[in-house]
Amino acid sequence: EAGVAQSPRYKIIEKRQSVAFWCNPISGHATLYWYQQILGQGPKLLIQFQNNGVVDDSQLPKDRFSAERLKGVDSTLKIQPAKLEDSAVYLCASSRTDNEQFFGPGTRLTVL
Amino acid sequence: SQKIEQNSEALNIQEGKTATLTCNYTNYSPAYLQWYRQDPGRGPVFLLLIRENEKEKRKERLKVTFDTTLKQSLFHITASQPADSATYLCALPNSGGYQKVTFGTGTKLQVIP
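So the sequences go chain by chain: A and B.
Start counting the first sequence at 1115; every next residue gets the next number (my numbering).
Start counting the second sequence at 3; every next residue gets the next number (my numbering).
Just so you know, the hints here were simulated from the structure itself, not pulled from any lab data.
Hints should not be assumed to be uniformly reliable.
Ranges between beta-carbon positions, derived for each pair [claimed, not checked]:
1) Gln1131/A with Arg60/B: 43 to 53 angstroms
2) Gln74/B with Ser1141/A: 30 to 40 angstroms
3) Ile1152/A with Asn14/B: 42 to 52 angstroms
4) Ala85/B with Ile1152/A: 46 to 56 angstroms
5) Ser31/B with Thr1211/A: 35 to 45 angstroms
6) Ser1141/A with Asp69/B: 35 to 45 angstroms
7) Asn1166/A with Ala33/B: 37 to 47 angstroms
8) Lys1176/A with Arg60/B: 41 to 51 angstroms
9) Gln16/B with Asp1177/A: 43 to 53 angstroms
10) Pro1175/A with Thr107/B: 43 to 53 angstroms
11) Gln16/B with Glu1128/A: 22 to 32 angstroms
So, partial list: chain A residues that the calculated Cβ filter (under 7 angstroms) puts toward chain B [what the hints assert, rightly or not]:
12) Ala1119
13) Pro1122
14) Ile1126
15) Gly1167
16) Asp1171
17) Ser1172
18) Gln1173
19) Pro1175
20) Ala1202
21) Glu1214
22) Phe1217
Computed cross-link-like contacts, PhoX-like style, restricted to lysine-lysine with a CA-CA straight-line distance of at most 25 angstroms [said to hold, decoys possible]:
23) Lys110/B with Lys19/B
24) Lys102/B with Lys1192/A
25) Lys110/B with Lys73/B
26) Lys19/B with Lys1197/A
27) Lys1176/A with Lys102/B
28) Lys1158/A with Lys19/B
29) Lys1129/A with Lys1185/A
30) Lys1125/A with Lys1197/A
31) Lys5/B with Lys1176/A
32) Lys1158/A with Lys1197/A
Virtual Cβ for every residue (Gly too), placed ideally from N, Cα, C.
Take these sequences, add in the hints, and give me the full structure.
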């Protein structure tokens, strides 16, 4: 089966600009996650979707970050405006109900 | 949420030896614990899940133990190979459930030929 797809793989922007990331989960996976991973740290959950509903967004900086999952399949994560501290790898993952998460390759964001 | 501690210092071992990585947690006892492998520039890859009623689980050269009294999991790689060099992350579910997990910071393993 095809894995989790993410694009772009790399993005460089100036602070205060906006950026969007796209994720296509594994077919049939109802749960989709967005994580932020800062260098040297473990992934930190930003938002979790079950189908197209939000299950948890308690760690999402809602003043600048937003995410949606239309039709319960693809998802986009947006940052507007970006700050220097948003420089990180943004990982998308999906799962069925058996707790194993499948991760995409991530998008490396650099904010200058 | 859980506080998870993994050795932040890199672990260097000789090829052929057994690597042992530690994951300690505080707060409540989780129903299960997961281990993932992450290579540079890639997303984590799931390796093993061990449940609270399982003391030990094996998969090929991998062995995971789960001691709910010590609040600790040990991850062993026997007969280590240079290809095992990577960062290993443990992950535990949050008390809120619904498949949400918290990841540790990971331990970088370097297997020296």
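(request) Give me the numbers of the hints this structure contradicts, sorted from smallest to largest. (result) Numbers 3, 4, 5, 7, 10, 11, 12, 13, 14, 15, 16, 17, 18, 19, 20, 26, 28, 29 - these are the hints that the structure violates, sorted from lowest upward.
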